[in-house]
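K.L.:
The chain contents come next:
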Amino acid sequence: DVKVTQSSRYLVKRTGEKVFLECVQDMDHENMFWYRQDPGLGLRLIYFSYDVKMKEKGDIPEGYSVSREKKERFSLILESASTNQTSMYLCASSLWGSSYEQYFGPGTRLTVT
Amino acid sequence: AQSVTQLGSHVSVSEGALVLLRCNYSSSVPPYLFWYVQYPNQGLQLLLKYTTGATLVKGINGFEAEFKKSETSFHLTKPSAHMSDAAEYFCAVTTILPGGYQKVTFGTGTKLQVIP
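First to last, the sequence lines map onto chains S and L. Sequential numbering of the first sequence, starting at 189, is according to our numbering. Sequential numbering of the second sequence, starting at 166, is according to our numbering.
Bound conformation, chain L alone (with noise of 0.2 Å):
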């Protein structure tokens, strides 16, 4: 089985701010990790994503997330929040199942509030 939590229904950071939004996964298998961003009213897409190679991925944006596996984590960052930041995200784990059928489970999702 796997599973996703994101820490953190809401957060909210000032305008400049770090932003920082957690996630930890559990999987048997080595997973595929991503983070989807959801602005109002609209469906998701894709914001970054790790496979395999480098475990510091860089998305749109200017979002970074690090793939840390030892502590089953994939936490989203942005060095200086900005105002159309505001939106919520979720971070995604898939895993690939005999046969190469997709599993995929999502995080309960974060609403980022962004403060002027």
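Bound-form chain S, shown alone (with noise of 0.2 Å):
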């Protein structure tokens, strides 16, 4: 079975902190994804990567950056955290050019104060 594994369930900041939430799939999908999900608006893409060190600017990348250095691993960077920040963190894999369903880990609940 594909394990999507996010670094953290729960996870308190302050407002300003540098927030990072690391993401591992042991499946070597090329694909992986960040996005938020807040009630009422669904999952809202942050970004993806399709491959080491590539990535791309999903519907809502602002306040945010990745980072992807190895295949397994997406990491998503709050470069200074706000209170609006505060959401549902769901991170998401998949491979190239097959049945394109997406594996996803359990969420980090971030809360920023």
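A couple of the hints might just be wrong.
[As the list claims (entries may be wrong)] Okay, the calculated beta carbon distance ranges per label pair: (1) L/T237 / S/E267: 37 to 47 Å; (2) L/T217 / S/G204: 30 to 40 Å; (3) S/P294 / L/T216: 23 to 33 Å; (4) L/S179 / S/I265: 39 to 49 Å; (5) L/K233 / S/W284: 25 to 35 Å; (6) S/P227 / L/S179: 18 to 28 Å; (7) L/Q167 / S/L283: 33 to 43 Å; (8) S/E267 / L/E180: 43 to 53 Å; (9) S/T301 / L/K233: 22 to 32 Å; (10) L/S177 / S/L283: 34 to 44 Å; (11) S/P249 / L/I280: 39 to 49 Å; (12) L/L172 / S/S196: 26 to 36 Å; (13) L/M248 / S/E250: 35 to 45 Å.
I should point out that these hints are in silico values taken from the structure, not numbers from a laboratory. Ideal Cβ placement from N, Cα and C applies to all residues, glycine included.
Given two chains presented individually in distinct reference frames, assemble the corresponding complex, making use of the accompanying hints.
P.N.:
Pasting the structure below:
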């Protein structure tokens, strides 16, 4: 079974802090994604990556950056956390050129105070 | 541009009743369509998918969905609801861009409540 893990289930940070959210998948997937999930808004794509050191902006990249130094690991960085970044963050991965289904991690609930 | 519309952010059904969750999409190219389920405090997991071929697809836990191109719909159904079906359900559309990159769009989700 594909496994996608995220570094923390719950995280509390202060405004202005730099925050790192990490995601690791164990199935050699090329594609990795970061979403945020907010009530009534569904999942919104922040960034995605289709290869090591490659990244593409999603629909809401402002205030975020990403890093993919190894194929299995995709990090989301909040350079200076703000209260409007309080949300559930979901990481996902998928295989290139396949049936395109995504495999999700359990999520990180981030609270910025 | 592509989009996904899920009608009804909350749906309540009685245990044993039919479950119908609606999803309409727009896409300028042939889409791949998915339903995912999210149980409380968990990530999403795949329920079923349509890629090509048969338009009626069956998924896990007795769910199925039918791709209707003329109606641009991919509604999710289950003949008889079970208490364990209470969860949030997301419809998603994926299109493949030049170069093979995936463009994924999720709907806003439908919370299913099952009443005993």
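K.L.:
Output the indices of the hints that this structure fails to meet, ascending.
P.N.:
Those not satisfied are hints 2, 7 and 9.
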